[in-house]
Amino acid sequence: MRLRAGARARERLFGGALLALACLSVLTTAGVVAVLVFEATTFFSDPLVSLREFFTGRQWTPLFADQRFGILPLLTGTMMVTGIALVVGVPLGLMSAVYLSEFATARRRRRVTFVLELLAGVPTVVLGYFALLFVTPLLQRFVPGLDLFNPLSAGLVMGFMILPTVSSISTDAMQAVPVALRQAAYGMGATQVQLIWRVVLPASLSGIVASVILAFSRAVGETMIVTLAAGQRPLFTLDPRETIATMTSFIVQAASGDQPAGSLAARSLYAVAATLFAITLALNLVSQIVVRRFRERYE
Amino acid sequence: MSAVRSPERIDLPDMLDVGGRQARRRRRTVRTVEAAVAMPVLLALLLLGALLFDVITDTLSWQVLAPAGSGRSFAFAEGFAPFGSWDRVMRLELAARGVPAEDIEPLLAAPEERRVLEARNRVEFMPWVDGRPFRWLVTTVSDELVADRPLWSGLASRRELLAAAEPGQVVVLNAWLDPAFVLRNASRSPLVAGLLPAFVGSLLLVGLVILLAVPIGVGTAVYLEEYASDTRLARLIELNLSNLAGVPSVVYGILGLTVFVRLMRLGPVVLAGALTLTLLVVPVVVVAAREAIRSVPPSLRQAAYGLGATRSQVVLRVVLPNAVAGITTGVVLAIARTIGETAPLLVLGAAAFVPRPPDGLLSTFTAIPIQIYSWVSENDVEFTHAASAAIVVLLAVLAVLYGIAYYLRRRFASR
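Sequence order for the protein chains is A and B. Note that our numbering has the first sequence beginning at 1, numbered continuously upward. Note that our numbering has the second sequence beginning at 1, numbered continuously upward.
Since the hints were made in silico from the structure, they are not lab data. Among these hints, one or two may not hold up.
Restraint-style ranges between C-beta atoms, simulated for each label pair [unchecked claim]: (1) 257/A <-> 155/B: 37 to 43 Å; (2) 172/A <-> 297/B: 21 to 27 Å; (3) 258/A <-> 133/B: 37 to 43 Å; (4) 116/B <-> 141/A: 44 to 50 Å; (5) 261/A <-> 307/B: 57 to 63 Å; (6) 78/B <-> 117/A: 44 to 50 Å; (7) 87/A <-> 76/B: 18 to 24 Å; (8) 119/B <-> 286/A: 53 to 59 Å; (9) 286/A <-> 356/B: 46 to 52 Å; (10) 278/A <-> 406/B: 43 to 49 Å; (11) 261/A <-> 99/B: 50 to 56 Å; (12) 22/B <-> 205/A: 27 to 33 Å.
Chain B stretches covered by chain A per the calculated footprint, using a threshold of three residues with CB under 8 Å from any CB of chain A [stated by the list, open to error]: (13) 34–41; (14) 50–62; (15) 210–223; (16) 254–260; (17) 339–349; (18) 372–382; (19) 388–402.
This one's a predicted model, so the numbers in the text were calculated from it and none came from an experiment. Built from N, CA and C at the ideal position, the CB exists for glycine as well.
Construct the entire structure; sequences and hints are all you get.
The following block contains the structure:
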């Protein structure tokens, strides 16, 4: 098609503008990586810090006079909250996915999905408030020695936060199992329960695994619930009753405190953020690979 | 692909063994499993219910006050006037404090005097005062709080509170969430702390984020759907978008802190917050917009091309108008995300205490979730009540937004 020169230039400009907008997101990632890499290298090149101590040290006290930079307490804290969240959220999420995909009528499914979306839509600061002021006092009646700030209640509430993630992705995976497979199973005399256990779950395993990994990544990066309810005291422990700190809650604590920019304490938050970013990025990539590589193809 | 899920789904063995014991046992197992896997939904509902119940009851508390004012309360009808309750109740209160009748009007009329009065006194509507329902009470900054009991425990011990109250003290059921709470400036004193600065801060953020994120998000979606062929660049952008959606929001906060606040020397201001949140919600808009654009039938595009339209004309006059409902859904969800997001703003350095609403894009600010966080971390019973009242406001706003998104999606889906 022939266009006048002016029209052609306009078309070019329009396409170019769209491309520029699309590239902004790549710039964002580049910005995140550049900031984290640059600041973290500056942090590690400080004589007071060593990479080895960072990954193996059991003390994390950048905000005290005697500064120690061992990230293990933050990692154990994060993993403890995340672990509790997964123990709660994954089974519940998978069960509701089975319900949605295999049992619920279309109408029921819409309603249940709506409830789960509501749950996913509650701001995490509200969930943190709930964990601190409702769940913790409740748990303190049953769990002796439970601190006011503890990973137990934070993890429990976070489990419900990740439930919708697990559920929605797994439901999609289960619904993608072809009708032919289901009919074949029924044809061989399987009951519905046998169908779920031996056909639907194995056939949608890649989607289920991906949903769990994504939920894991979301739990690791979740900030407000842990900041409010799990505390800000880096402690190398695996006791879920004690106040701990996570990577995210340390970032909030360090950033909202008044450390002078450029000080070692302020830089340490970039090292923590870089670790956090690396972990979540790895998890996201793994979940994408799982979906792409191990998806059962039905042609 | 949709699975077979019709009620007449056939269990062949059952048909051969209709009413048999084995078939009945099997059906029972299936029903048990169905009930079991439906459990989490019930739990989720219970949790949501408990959350709402907890938050709403936390906005009410029984209090014993030692008032610095007259300590008298006034009937609802006595003090109520549309938009003028403050003046009417204040007149009654000043009279009760013993101010001569002829001095009251000049006191309320003089701007300077009025400002002082407004700063020190608060006209509150209480559901219950000293045994009488629905009263106005003027509380002041110098009131002393003798006791504060949560609604339910207090219900049992109300009599006890009344009996224990010394002469001059007032026992009230204080509703923290009243219209004045939303319209009042912040304060160091929980009794007079209001949500206005945070509310305005959140509104400003939402406005800016829409202005920035909608063009970026929709532009990206149009590029990916209508322009990009399967080039390396397009695949990079796509991969990048799906990974950006998984980046924890605190990390965005750190990006904002480093680039906007420090490198660009903006400081922790509204604009810096909005830019940071824009980066955060762009993937949300992109995903929704792409889905909407993909659902525009190709025949429409082909018809437009057949009439000699250029690509930009097809995009602007055919694709986008037909995708508007889906895009709007995405925008509404992005707004909801903007309003509820706390961590990035906190890392950015959004101030916990901002006495007045921001007066421009370059002034420091706070937002509703930040205000909630800082009130909760005050670790003070009364600030907790203020936080719960703020949560109710936040959840109400979100409920409206999700309602709009739900409605749009249903209309969109039915077409």
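Checked hints:
no.	hint	verdict
1	257/A <-> 155/B: 37 to 43 Å	41 Å, holds
2	172/A <-> 297/B: 21 to 27 Å	24 Å, holds
3	258/A <-> 133/B: 37 to 43 Å	48 Å, violated
4	116/B <-> 141/A: 44 to 50 Å	48 Å, holds
5	261/A <-> 307/B: 57 to 63 Å	59 Å, holds
6	78/B <-> 117/A: 44 to 50 Å	46 Å, holds
7	87/A <-> 76/B: 18 to 24 Å	52 Å, violated
8	119/B <-> 286/A: 53 to 59 Å	57 Å, holds
9	286/A <-> 356/B: 46 to 52 Å	48 Å, holds
10	278/A <-> 406/B: 43 to 49 Å	37 Å, violated
11	261/A <-> 99/B: 50 to 56 Å	53 Å, holds
12	22/B <-> 205/A: 27 to 33 Å	30 Å, holds
13	34–41	holds (count 7)
14	50–62	holds (count 5)
15	210–223	holds (count 6)
16	254–260	holds (count 5)
17	339–349	holds (count 9)
18	372–382	holds (count 4)
19	388–402	holds (count 6)
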